[in-house]
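**Student:** Sequence:
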Amino acid sequence: MCFVCKFGIALLQHFVETDKPQEEIAHIAYTICSTLKLDSDRVCAGIINLFQKEAPVIRVLHLSDTHLDPYYMEGANADCKELMCCRIADGPAPTPAQAAGRWGDYRNCDTPLRTLEHMLRHITSKHKVRKES
1 MCFVCKFGIA LLQHFVETDK PQEEIAHIAY TICSTLKLDS DRVCAGIINL FQKEAPVIRV
61 LHLSDTHLDP YYMEGANADC KELMCCRIAD GPAPTPAQAA GRWGDYRNCD TPLRTLEHML
121 RHITSKHKVR KES
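Numbering-wise, UniProt numbering puts 59 at position 59 of the sequence shown, and it's gapless, one number per residue.
These are computed hints drawn from the structure, not numbers from a lab. Remember, it's a predicted structure, so these values are computed and weren't measured experimentally. Hints should not be assumed to be uniformly reliable.
Below, a list of computed lysine to aspartate or glutamate pairs in the EDC-like style, where the Cα atoms sit at most 16 Å apart [claimed, not checked]: (1) 53 to 23; (2) 53 to 19; (3) 81 to 110; (4) 53 to 24.
Given the sequences, and given the hints that come with them, work out the whole structure.
**Tutor:** Structure below.
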C-alpha cells in the first residue's frame, strides 16, 4: 500500500478514535478517495454512504459444498475400495475401526443428513436475528 494511502487510513482511524463527527469523517474519506482517484466521485460517495449508521444491515448465511449423502449409514464400511464409502450399499464395517461415525467420517465419505440437519438447528437456535426497533 502506498504511503499516501497508509496516511489517509491512519488519519481516518484517528478521527474515529477521537470521536470526530461522522459527517466530518465521511467528508475526509470522500476527499481522500476522490483526490487520489481511487475511483469515480460517484463510487467514492456511494461507498462512503454504505457505512452510515442509517445504512441497512443484512446477515447472510453462506453454506457451500455440504456434500450431502442421503445414503450415508452410521456403522457402514468407511474403508471400502469404492470412490464413495459409508453408504448402505457398502454393508456393515468388518471392524469397529472401519465403521462410519454417527456425524460423518474423514475417509471417502460425504456428509450424513443428520449432520446437516443438526447444523441448521444449531444455527437457528444459537444465531438469532434480533429485530431492530
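**Student:** All the hints need checking, so say for each whether the structure fits it.
**Tutor:** Hints, verified against the model:
The suggested pairing of residue 53 with residue 23 holds, with an alpha-carbon distance near 11 Å, which does not exceed 16 Å. The suggested pairing of residue 53 with residue 19 holds, with an alpha-carbon distance near 14 Å, which does not exceed 16 Å. Among the hinted pairs, residue 81 with residue 110 is consistent with the structure: their alpha-carbon atoms are about 15 Å apart, no more than 16 Å. As the CA atoms of residue 53 and residue 24 are separated by approximately 14 Å, the hinted pair is consistent with the 16 Å bound.
In summary, the structure agrees with every hint in the numbered list given earlier.
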